[in-house]
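Engineer: Please construct the entire structure, taking both the sequences and the accompanying hints into account.
Those protein sequences? They're chains A and B, same order as listed. The numbering used here applies: residue 1 is where the first sequence begins, and numbers increase by one. The numbering used here applies: residue 183 is where the second sequence begins, and numbers increase by one.
Everything labelled a hint here was simulated from the structure, so no lab data went into it. Treat the hints loosely; a few may be bogus.
[Said to hold, decoys possible] So the derived label-pair ranges between C-beta atoms look like this:
{"hint": "1", "chain 1": "A", "residue 1": "G92", "chain 2": "B", "residue 2": "V268", "range": "35 to 43 Å"}
{"hint": "2", "chain 1": "A", "residue 1": "R119", "chain 2": "B", "residue 2": "W244", "range": "24 to 32 Å"}
{"hint": "3", "chain 1": "A", "residue 1": "P136", "chain 2": "B", "residue 2": "L207", "range": "43 to 51 Å"}
{"hint": "4", "chain 1": "A", "residue 1": "T164", "chain 2": "B", "residue 2": "L207", "range": "22 to 30 Å"}
{"hint": "5", "chain 1": "A", "residue 1": "L74", "chain 2": "B", "residue 2": "N324", "range": "22 to 30 Å"}
{"hint": "6", "chain 1": "B", "residue 1": "A305", "chain 2": "A", "residue 2": "G92", "range": "43 to 51 Å"}
{"hint": "7", "chain 1": "B", "residue 1": "V309", "chain 2": "A", "residue 2": "E118", "range": "40 to 48 Å"}
{"hint": "8", "chain 1": "B", "residue 1": "S314", "chain 2": "A", "residue 2": "A126", "range": "50 to 58 Å"}
{"hint": "9", "chain 1": "B", "residue 1": "R325", "chain 2": "A", "residue 2": "G92", "range": "49 to 57 Å"}
{"hint": "10", "chain 1": "A", "residue 1": "A143", "chain 2": "B", "residue 2": "W244", "range": "43 to 51 Å"}
{"hint": "11", "chain 1": "A", "residue 1": "A105", "chain 2": "B", "residue 2": "T327", "range": "41 to 49 Å"}
{"hint": "12", "chain 1": "B", "residue 1": "Q202", "chain 2": "A", "residue 2": "E118", "range": "51 to 59 Å"}
[Said to hold, decoys possible] Calculated pairs, DSBU-like style, for lysine-lysine (alpha carbon to alpha carbon, straight line, at most 35 Å):
{"hint": "13", "chain 1": "B", "residue 1": "K329", "chain 2": "A", "residue 2": "K70"}
{"hint": "14", "chain 1": "A", "residue 1": "K132", "chain 2": "A", "residue 2": "K70"}
{"hint": "15", "chain 1": "A", "residue 1": "K132", "chain 2": "B", "residue 2": "K329"}
Ideal Cβ positions, reconstructed from N, Cα and C, are used throughout, including at glycine.
So you can see what is in the structure, the chains are spelled out below.
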Amino acid sequence: MNIADLLAALEASPPAVSIRDSLYLFPLIESLHVFGLAMVFGTIMIIDLRLLGLASTRRPFTMMASDILKWTWLAFALTATTGALMFITNAGVYYHNTYFRVKMAMLVLSGINTLIFERTALRSVARWNTEKAAPPAGRTVAALSLLFWIGVIFMGRWVGFTSTRAAPPTDSDINIESLLPK
Amino acid sequence: MHHWSGRAAGVNQFAEWLSQTSLSLAIQVHEWVIPTIQSIHIVAIGIVLGSVFMIDLRILGWAGRDQTLDETTSRFGPWLTGALCVLLLTGVVMIIGEPARELLAFSFWFKMSLVAIGTIVAAVFQVSLNRSRQQWETSLVNRWTIKSLAVLTFLVWVGVVVLGRLIAYDHVWGSWSASLKA
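Structural biologist: This is the structure:
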């Protein structure tokens, strides 16, 4: 199965069809996607600023990490799921969109960045846990993390402006008032 | 429904006038402005969500238990205020650039109502904390009404994010949306 077949199969899958056929699903999924990524960025930024020594400098790093990162992962799961659901509705278009590809590359770089952190600065965390800032390796990772995530947000917005969404149904007979009691 | 239609007509005229101002026209001809401003807007909403989330988790006792309530709001309050200012500024640029898209959207006015509620709650909380710090730290924070209010406040901001994205899909409100009639 080549990539074109795979993309076509994704577009023809039942969830993709249901989302395309609904007046409400795509907007709702996209809204949850923005909520999820705002939570991912908002919580990661708190960790990154701590590593850089710019905020929360008097709190032990490990305590902040255990307070916050579980929520970051939960938000990431929501963002990835909603992102995948949007992707399959128009897989061929998104796959060939340059901004989408740059966004995915930045996500991968962000993942590699996290792995590097775990193999470098985090190993010696006991030594700098209560210091004002992380050692140079940790600060570099934090700065790159902020850069990648802000990049992901910008690229994501550009995907929206440069790709055509599968045409939304515009049935004027369907509206929210018809769902409410008269 | 007459009062609503009348108001929509007034707003429509204002949007029409605004869209012909030189500032609006300048934004309209430079296609990169709106996506850039929207991206900055999302970065700022991430900071708002992250900040409100951390203060609310502290009230719930789910994070930052090594910190007093005052230490927590001193850390996140200024970031919340700063990010809200960025949101206001970028929001105004978006209204000037695309007046009809924003001002005729039901989602926009619903969102602004929630922004007002969220901002007032945050301000009242900060003033009250400054006035009766001891009472907040020892007893108020343990009340279930305060904890419920923390959850509710977070949900208000989630609503702000969701409605913000729904401005692009105002058709989901059917006849409640003035943009369909314009």
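Engineer: Looking at the structure, which of the earlier hints fail to hold?
Structural biologist: 8, 10
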